[in-house]
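If you use the UniProt record's numbering, the sequence shown corresponds to residues 1 to 339, in order.
Keep in mind that the hints are not guaranteed to be accurate.
[What the hints assert, rightly or not] Computed Cβ-Cβ distance ranges for the label pairs, DEER-style:
#	residue 1	residue 2	range
1	38	248	30 to 40 Å
2	287	234	25 to 35 Å
3	288	218	38 to 48 Å
To be clear, the hints were calculated from the coordinates, so they are not data collected in a lab. For every residue, glycine included, the Cβ atom is placed at its ideal position computed from N, Cα and C.
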Amino acid sequence: MGESLRVGVVGAGANTRRHHLPKLQAIDGVEVVAVANRSQESGSRVAEEFGIPVVHEHWQDLVGHADVDAVVIGTWPNMHEPVTVAALQAGHHVLCEARMARDLAEARRMLATARTHPKQTAQLVPAPFTLPYDDAVSCLIGEGAIGELVGVDVTMRTGYADRQSPRSWRQDIELSGLNVMTLGIWYEQVMRWVGEATRVSALARTVVPVRSDGAGGTVAVDVPDHMDLIAALAGGGQLRMTISQVSQSSANGVQILGTDGTLTFADGELTIQRRDAEPETVPPDAAGGWRVEEEFVAAIRGTEQVRRTTFEDGERYMRFTEAVHRSAHEHRQVSLSEL
């Protein structure tokens, strides 16, 4: 049996209930001992469902609890920085949901706190879509399978405009911050393959600027629902991204374009098209899928290091998110070195 580890959960959202809670409870020696949700009532429901013995009304009480070794943060981004900082300062390990924070300043405070508490494990939930293929993509690019990198094209048009749905937390800048749709998710995955961007030019639009507030009124939407950008990559090549919730495409996916071949990730599968050859399917790595909770516990126990995803990588994708925001709002190209 593994070393005993007592976990408290702040914010039991969908991902926490689907992944973190059951998968942590399945690891030898791990016990989820406390939960604090948005209300005492919702916390009690989660506690009953997962057999959690203690329900706290306020997250501060859980973070201050002496019987907690690690804190899992499954809240909206507006709570990530205060809970992370408090938990690390209280001596707890932290697994924080993505996106890392609302903006770069919050992400940097989280990273600074983690660095001043090196004995605590600090991990972010990774962008999940490409996990079984990330190592293969990096290897193929690194060994020259597609030649010199020319560019990366990301197209995610996920549906026609829905003007009837109420505003979600993702469309509320106070809750989600500068995070726009799946921009940060796809950039995090692109970073794994080809590294960071150096400068970016972005255009953003809110096609549906007013939505129902869910209580009979209306409320402004201050987060874009359509975005186009082009960026220069530090390692050479260009990145183009189109992210949209108000248009539909039959060609969603990612293409990594080289002088001698193309890697395509679409519909959960990876293919490679080499010069003058038929497309080949690249098999997924059986060991490369979702293992967030396993990695977190192993890092705490000292048998692994955090790989997916470090606070340093989170700060990097939040820097890109901030640069995109500035470019779109200031109508100019933004260098990431400015930030």
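Quick rundown of the hints versus the structure:
For residue 38 and residue 248, the Cβ-Cβ distance of about 33 Å falls inside the hinted range of 30 to 40 Å, so the restraint holds. Taking the beta carbon of each, residue 287 and residue 234 are about 29 Å apart, inside 25 to 35 Å as hinted. One distance hint, 38 to 48 Å for the beta-carbon pair residue 288 and residue 218, holds here, with the actual separation near 45 Å.
In summary, this structure violates none of the numbered hints.
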